[in-house]
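Engineer: For reference, the chains in residue letters:
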Amino acid sequence: MLAAVGAASVEELLADIPAEVRLRRPLDLPAGVAESEVFEELRALAARNQPASALVSFLGAGAYDHYVPAVVDAVTSRSEFMTAYTPYQPERSQGLLRAIFEYQTVICELTGLPVSNASLYDGATALTEATLLAGASTRRGGVVVSAGVHPEYRQVLATTSNAHGPRPVEVALSGRGYTPLESLAAAVDGDTAAVVVQQPNFLGGLEEMAAAAQLAHDAGALFVAVVDPLSLGLLKPPGEYGADIAIGEAQSLGNYLSFGGPYLGFMAVAEPLLRRLPGRIAGETVDTEGKRGYVLTLQTREQHIRRERATSNICSNHALNALAALVYLSWLGQEGLPELSLHCARKAAYLRERLAALPGVEPLPEGPVFREFGLRLPVPASQLIEALVPQGYLAGVDAGRWFSGLDDVLLVAVTERRTRAQLDAFVEAVATYLAGEGKRPAGQGKRAAGEGTRRG
Amino acid sequence: MAETIFERSRPGRRAFSLPACDVPERPLDELVPAEQRRTTPARLPEVSELELVRHFTELSTLNYGIDSGPYPLGSCTMKYNPKVNERVAALEGFSGLHPYEPEALVQGALELMHTLEGWLAEIAGLSQTTLQPAAGAHGELTGLLLIRAYHEAHGRAPRKIVIPDTAHGTNPASVVMAGYEPLAVRSDARGGIDMDELRAATSEDLAGLMLTNPNTLGLFDEHIVEIAQVVHDAGGLLYYDGANANAVLGISRAGDMGFDIVHFNTHKTFSTPHGGGGPGAGPIVVRDTLAPFLPAPVVVAEADGRYRLDYDRPQSIGRVRSFYGNFGVLVRAYAYIRALGADGLAHVSEAAVLNANYVLEGIRDLFDVPYERRCMHEFVVSGDPLKQHGVKVMDLAKRLLDYGVHPPTTYFPLIVSEALMIEPTETESKESLDALIGALREAVADAARDPELLHSAPHTMPVRRLDEVRAARQPVLRHQFAPE
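Chains A and B, in that order, are what the protein sequence lines are. When you line the first sequence up against my numbering, it's residues 1 to 456, in that order. When you line the second sequence up against my numbering, it's residues 1 to 484, in that order.
Derived by calculation from the structure, the hints in this document are not laboratory data. Note that beta-carbon positions come from the ideal geometry of N, C-alpha and C, so glycine has one too. Be careful, since some hints might not be right.
As the list claims (entries may be wrong) - Examples of chain B residues lying across from chain A (beta carbon under 7 Å, computed):
1) Asp67
2) Leu73
3) Asn81
4) Gly250
5) Gly318
6) Leu466
Bound-form chain B, shown alone:
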């Protein structure tokens, strides 16, 4: 594979240009004393602009996005990101705003935030929104801090948060960061929360419950009303991990299910591009009773039609990040919701559910289906039947790369052996779904015919299978410069 940008570097080459420094020159020592100055320059790449562009263009060809092809990565909602969203986010009236400009100069931005807050509240079925959290996990932490503040305001200090065994890893990690103890409950035979376990886990020490619904098995928890009842009766609050909200837009709202706090991953549900790992945004919406605790500042609409940032929130948990959140990402989410409207969003979820069921029917004979139910926007099957060929789901995933599709999520959720988690999303056409089904069928046929083909997959990528153990045991985490 090609060179790193450091290997492309040649002394003295440069891409940048700088305006002439038209103020009087001063001795360096007068600007910054020698003992505070850097003595050896950072070894940054020295390349021309063309070499720079070629380098990153080459890297881009070694990568794969939703624009490249199907990306059925379960729980990640890799839907198409409409291009107009990029165009509007790049408008200088948004991208060029400094966060500390006087409020009078940023009325359009504040209005956008305020309107989006209202839309998200309506979609969630709750009342007040904060746009500050930078990602879903950050929303989780914020929501858990709100739960803590709520209990404290009521003179309580319960310590435990119930999490089902199907939960995303961020849930228990966020629980610990919020100073709580996670308490895992098992799933029942239909893939929902085991109600007996939940009741047994319920005590005065219960601060709340975190749940993804539909859960990471792609199944809607049929007991949701009862779950909410049990948790609320014990004095706890319910947190909705919105990672799977793409299944229920306009169909069922978290607030109506009994949840008190919801986060949305705008980079999943509302089509903001994931950027190869981020940035996303994780706005959260809460019930009225939790509104006083929301992070400050909040955007307030005045009677005269003006907007301002309200910092005077005596019960607020405080800030959870600098400035006002990932505004540029939120502009894209606004554009997406605006384009689709109420009908469009409901149609998104209907199509997402139909597409997932269609793919499930297309491959169900190849795998074990652990829960014989209709799935929602995604589903999980077990690759156990491949074991007869000595093939693991990891091998299957690598073989799928050869067929030009991005593999589904593997080995998650943890409660399904050799799990394969597939989320086609609503933006894939029937032809594209058929191609995905075809690729899965071909790869499984390969496993029966020639298991070695899968063990040694991928065969068509820029690299063959990579040694992850070596990467962890002998970490090389930056370019190794040749000695001077």
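Only chain A is shown next, with the shape it has when bound in the complex:
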């Protein structure tokens, strides 16, 4: 091959690299090893972790331990999907383009909105993209964001909005754990591009979405609903309560926990926002013989065409995660999704009622929840979490990680993987722990749901 290119050595091909920037030593990395050794090393690293399934897990807070059916792996591991690039050549990419089209359809069905893109990275970056879309659409400079939106999503928004896009104004949760409508109203003004509320909110409470949407629209702002698509088997779809944009994290649809990623950001919008939507969109068309086919469309929104005037810089998205979500929803089907969401809600309600019956434990918020709920404990949540690990429980997430004043609030999520026996045993374990703690000096009293962000 060197002879064919007329070079004596590969070194000759690298002659354009100035000598002073050549690395004249091997990289300081471990020497390469055989596949079997790679496998053993990674297996050993994996073995130093405890997957959620090794314990009885009640962890949620934006990442949920739902069962991933085998068909999801069977489909997503097909290399024609897994090892393809973005479908730039539609005639050779009809499989993926059709899958994206079908994914867009199921997202529209779930959200009750007419347009979906092909995916975003995660729920957090979807929030940022939604505020940019709202800002560009309304030509306004602020967004009002409920503190009931996942704290990490709000942190990501804070990072980027510092430089560009609408500036967020946060509205604190009430002491009862809800977004007060009067606080939203007070925060909204003539420069508000959007009002953002999460349903259910981060503590699990169901917000007054229709009223919040009305309030936003009255001020000429858009309404953004942050939702978990799996909840939409039971809860009202955003399109029905007036959301202009629905976004969120769709990990719960057939995607593994995987220590936080890769997950699946989604975005669905009302028709008028179509041409400002970020990311890829697949559309149906016909070929020269009139046969149905699919292409990436409306690409003049995108960076590779529009460069600095693009609606977003997104290029790679999370197509394979979107495919997993599509397969998962096809597996669940029209009947399965409502059954599954109801199943989770029933188990969550059961566990909540039993835990809240323990001395010193109170639900926060008190109203209805879906699959996750906050509980005020008579001890710091972090203490309970730590104490129950040796007994085989991941008891939940400490809300005090992000909210000052909520150190005693534990977020507990219940999926279909938890059995009644596990729930009952967990209640016993919590009861026993709290009874032991009760012999010590009393825990903290009640405080309002504070707003200080604790962790980066």
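Starting from the known structure of chain A, arrange chain B on it as the hints suggest.
Structural biologist: Just chain B now, kept in the frame of chain A:
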């Protein structure tokens, strides 16, 4: 072509099964009040598991991946993705980890992240890494926010980022998202940055420069040392778009070239599969001076050998995504780097460069070669000579489909007329490269012989050429359900 999954749907069919709900039943109204509930079910497909599998198996046969054949898509580095990477990423000790588990339970994951951060820093020739960015463009945005934080910490607020006219579209788009103004500079006759233009663009208002090196022409910028000098002298920082890092692993490091920030596309350079559009990962590596601004949390190794996530980073720009990045993708990148090691990675780039030069020599007589230089891991030729047959590069690309190869990138970079951008990658064999050359030669011969054959290509795909204008003018973006 076959039905959509919605057209396959039949009422009452189901694939799923659910454990019995063994907690006491409660009235629905007690769980969720009626006004908060959905009244009409989402019209999801109703199919059996077999129908589901057949549907997606059929779709897969209408698609093409690197496992199917050559995929010389320029700037996308479509190399083979070793299968062991999938096996390790699927280990439950990785795929089953919840991001909010106590740190004591995820020590292996944190160690993996910490080790990978170190490896990427060594490969980049810089010192500190964040694994948070989800993709290359996300890494760009993160890097630009670091540039902003750096200047602010020094009491400066410059507004402009210089970008050459060969840059990826993500660069200017990221610049705007970071609140900066892009300032384009032209390329010179050898395809590098025009130094006079760069100097003219340099002012107190210069925040930094973004550059891909080798650039999207597949050419190494020979003036890189001088470029870095000019930008640094003006107080700016240099951002390395690592999309083309596959050319220089272990050969030349961005940090040694003078860059301050680097992103890697793990789905290009480190062989994590692209998944038909993602997920990838876009970790970035920075010089010491920028480390305080990196997104929190960062993984810290304690003296006792334990690892923890450090959130106490007062100068941090903040988070750029939820949790800790695309961990599952990063596991694959770790496995790839571990398997190859230092020698293996250097060999990757040498072979990538040799393969690209080999294909260039095999087809250079067919096209205009805009820059008569040795290419690095990819090259760009112009399809202008096809115009004499009334054929465009788009037609050529469609004809290549008939020859069973995925076409190269077309019409990019923008500064080359009728551009064809070819990146064979190191994992293609000589026979495979010869087949690619053969397909290109055949397709060009077809253009001379029978231009109509190209205008009407492809002829062997599941669909003929698709009407993209109609798709944009009359958007149909979801399945149209029949009225009830």
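Engineer: Each hint: holds or not?
Structural biologist: How the hints compare with the structure:
1. Annotation: aspartate 67 of chain B was flagged as interfacial toward chain A, and the flag holds, the nearest CB pair being 4 Å apart, inside 7 Å.
2. At its closest, the beta carbon of leucine 73 of chain B sits 6 Å from a beta carbon of chain A; the interface hint therefore holds under the 7 Å criterion.
3. Checking asparagine 81 of chain B against chain A: minimum C-beta separation of about 6 Å stays under 7 Å; hint holds.
4. Because the smallest distance between the Cβ of glycine 250 of chain B and any Cβ of chain A comes to about 5 Å, under 7 Å, the interface hint for this residue holds.
5. A least Cβ separation of about 4 Å between glycine 318 of chain B and chain A falls short of the 7 Å threshold, and the interface hint therefore holds.
6. The interface hint given for leucine 466 of chain B is met, as the beta carbon of that residue sits about 5 Å from the closest beta carbon of chain A, less than 7 Å.
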